[in-house]
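So the protein sequences, as listed, match chains A and B. Mapping the first sequence onto our numbering, position 107 (from 1) lands on 107, and the numbers just tick up by one. Mapping the second sequence onto our numbering, position 136 (from 1) lands on 136, and the numbers just tick up by one.
There could be a bad hint or two in this list.
[As the list claims (entries may be wrong)] For lysine-lysine, the following DSS-like pairs were computed, each having C-alpha atoms within a straight-line distance of at most 30 Å:
id, chain 1, residue 1, chain 2, residue 2
1, B, Lys63, A, Lys59
2, A, Lys105, B, Lys89
3, B, Lys89, B, Lys120
4, B, Lys34, B, Lys120
5, B, Lys103, A, Lys105
6, A, Lys150, B, Lys71
7, B, Lys103, B, Lys120
8, B, Lys58, A, Lys59
These are calculated hints, taken from the structure and not from any lab test. None of these values were measured; they are calculated from a predicted model.
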Amino acid sequence: MRRLWLIPMVLVALLIPVAVLAGSEEGGFDGVVHSIEGRYHVRATRIPFLGLISLVSTKATHGGVSGLHVAEFDSFTAQVDGDELNRMVEEKLGAGWERIIRETKREGNEQTLIFIYPEGDRMGLFVVDLDGHEMDVVQVSVDPNHLKEKIGSLNHHHHEDDAAEGDSD
Amino acid sequence: MKNRIITFILGAAVVGASAFAQSSQLPAPPPIEKELAARASNVTEVTLGKNMLGFASKVMNNKDKDETATKHLIEGLDGIYVRDYEFDKEGQFTADEVDQLRKYFETSEWSPMVHERDRKNNESTDVMVKLVNGESHGMFILDAEPKELTIVLILGPIRMDELGELNGVAGLGALGSIGGVQHSPHGKGEEKEKAKTMEKDKTGGNQ
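So here's chain A without its partners, still in its complex pose (with noise of 0.2 Å):
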């Protein structure tokens, strides 16, 4: 009876994280959809199974790529202020991601913003591109060793290619 007093004191404990997650505003891929959905007034086409797109990516490169996010905007008409997105962008995806890259060409109204968060050996990968009326935002984490062995090989596969092929003629 005397620890009674502990009942509200536990559900408030356990309500203020709830109220607080509740309240915080959506960061990361979903963040920075959900931003360009609100303000340019346009629904992003999510790519069915993706997921189990994402897992079999992963399997089929070992792990050089893994984590695939995607969302295509069709028939984006908006103009798009460079800065505006850059800003919003920016602020959804949080701190440690950096922008390597940002192209703005105002004929076509394109932009592409490309930021790079490193992630112990591996690197997430996030592309906003707009190009003309369609927009894709990717998020992708890499292994970058794995995947220039990959291409190394793929590579050296070609030029073997060639060789043969300039051997027969």
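On the provided structure of chain A, position chain B as indicated by the hints.
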């Protein structure tokens, strides 16, 4: 005792803040850059901060000769920044604005190394080096063409003869030619002239 603790905490905060400021942030862009960006039809910005260069050097292959050389060059750098502005037509930026950009960096630490003017074609190239105890610790390149303006800023210890290695880094291929000036014994007269200026500033430009 209480005062000592407060002093210690304040000191630690100042040291921490300055370390953070040094490690994470880029130099503030000259105010004129924003105006140029607003007028340009195409703007390209490449920003590789210390963290990013550190990460890039970490994932570079030690077995590959070219990659080892690039790794050696970039691992000591504090940042590489490239800004490229393309304009629809000529006359969308003035010589005065190019001067303002140059003057932003033309402080006591920065020594002019190459200063080239082509009045006929309305082109100019400036290369400045930041010298610290006779060693180059930064490079600023400003290239103005009638419809294009390019700024390259490299911060950190640089060896001119290694600059050519940046050829392999996307968007920085042009730097190879600066590094290559010293390598090309049969280069054009213009390149030789640049090389002379470089040598002169490297040996005598300690400020």
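Verification of the hints:
With a C-alpha separation of about 27 Å, the suggested pairing of lysine 63/B with lysine 59/A holds against the 30 Å cut-off. Only pairs whose Cα atoms come within 30 Å are accepted, and lysine 105/A paired with lysine 89/B is accepted, the gap being roughly 15 Å. The suggested pairing of lysine 89/B with lysine 120/B holds, with an alpha-carbon distance near 17 Å, which does not exceed 30 Å. With a CA separation close to 28 Å, the supplied pair lysine 34/B and lysine 120/B stays within the 30 Å bound.
Distance restraint check for lysine 103/B and lysine 105/A: the Cα-Cα separation of roughly 28 Å lies within the 30 Å cut-off, and the hinted pair is therefore satisfied. In summary, the hint linking lysine 150/A to lysine 71/B is supported, as the alpha carbons are separated by about 20 Å, within the 30 Å threshold. Note on lysine 103/B and lysine 120/B: the hinted pairing holds, with a Cα-Cα distance of about 23 Å set against a maximum of 30 Å. With a CA separation close to 25 Å, the supplied pair lysine 58/B and lysine 59/A stays within the 30 Å bound.
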